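*Asks:* In terms of my numbering, the sequence shown opens at residue 1 and continues consecutively.
These are computed hints drawn from the structure, not numbers from a lab. As the structure is a prediction and not an experimental result, all values here were calculated from the model. We put the beta carbon where it would ideally sit given N, CA and C, even for glycine. Warning: the hint list may mix true and false statements.
Stated by the list, open to error - Restraint-style ranges between C-beta atoms, simulated for each label pair:
1) Arg-52 with His-87: 19 to 29 angstroms
2) Phe-65 with Pro-12: 23 to 33 angstroms
3) Pro-12 with Leu-77: 28 to 38 angstroms
4) Pro-34 with Ile-81: 37 to 47 angstroms
5) Ala-91 with Asn-67: 25 to 35 angstroms
To be verified - Derived lysine to any residue pairs resembling SDA-like cross-links, with alpha carbons at most 25 angstroms apart:
6) Lys-55 with Gln-29
7) Lys-94 with Lys-73
8) Lys-73 with Glu-84
9) Lys-75 with Ala-95
10) Lys-75 with Lys-94
11) Lys-71 with Lys-94
12) Lys-94 with Glu-83
13) Lys-71 with Met-90
14) Lys-11 with Ser-30
15) Lys-71 with Leu-49
16) Lys-71 with Ile-81
17) Lys-55 with Ser-30
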Amino acid sequence: MSAFKVIPKKKPVDPNVLAAFSAGAEAHQSIAVPIIEPLKTQERQTESLLFRLTKSDLDEFNFVFENTNVKSKQKLLEAIILEEIHHRAMAIKKAV
């Protein structure tokens, strides 16, 4: 005798219910639905930029990444570099 008790996960399908479901499929009629264009969201276009670091700078960057709660190195770079770029751009615009 088996030590495991086998319990079916699903109840068997009632043949009458299955027949009623199948009959309804043949009565189905398609209707025309106008195609709605998807909303055009503001697409974020990106460009690649080669960013070189010395071994010591890369080690320091990796140290900062490992000791912060940022989920990706890309996000860390964006948080540090883009913030500084925005500050410098504002300073230049005020000076001009």
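*Asks:* All the hints need checking, so say for each whether the structure fits it.
*Replies:* Do the hints match the structure? See the list:
| no. | hint | in the structure |
| --- | --- | --- |
| 1 | Arg-52 with His-87: 19 to 29 angstroms | holds (23 angstroms) |
| 2 | Phe-65 with Pro-12: 23 to 33 angstroms | violated (56 angstroms) |
| 3 | Pro-12 with Leu-77: 28 to 38 angstroms | violated (58 angstroms) |
| 4 | Pro-34 with Ile-81: 37 to 47 angstroms | holds (46 angstroms) |
| 5 | Ala-91 with Asn-67: 25 to 35 angstroms | holds (30 angstroms) |
| 6 | Lys-55 with Gln-29 | violated (67 angstroms) |
| 7 | Lys-94 with Lys-73 | violated (32 angstroms) |
| 8 | Lys-73 with Glu-84 | holds (17 angstroms) |
| 9 | Lys-75 with Ala-95 | violated (30 angstroms) |
| 10 | Lys-75 with Lys-94 | violated (28 angstroms) |
| 11 | Lys-71 with Lys-94 | violated (34 angstroms) |
| 12 | Lys-94 with Glu-83 | holds (17 angstroms) |
| 13 | Lys-71 with Met-90 | violated (28 angstroms) |
| 14 | Lys-11 with Ser-30 | violated (32 angstroms) |
| 15 | Lys-71 with Leu-49 | holds (20 angstroms) |
| 16 | Lys-71 with Ile-81 | holds (16 angstroms) |
| 17 | Lys-55 with Ser-30 | violated (64 angstroms) |
Against the hints set out earlier in the document, violations occur for numbers 2, 3, 6, 7, 9, 10, 11, 13, 14, 17.
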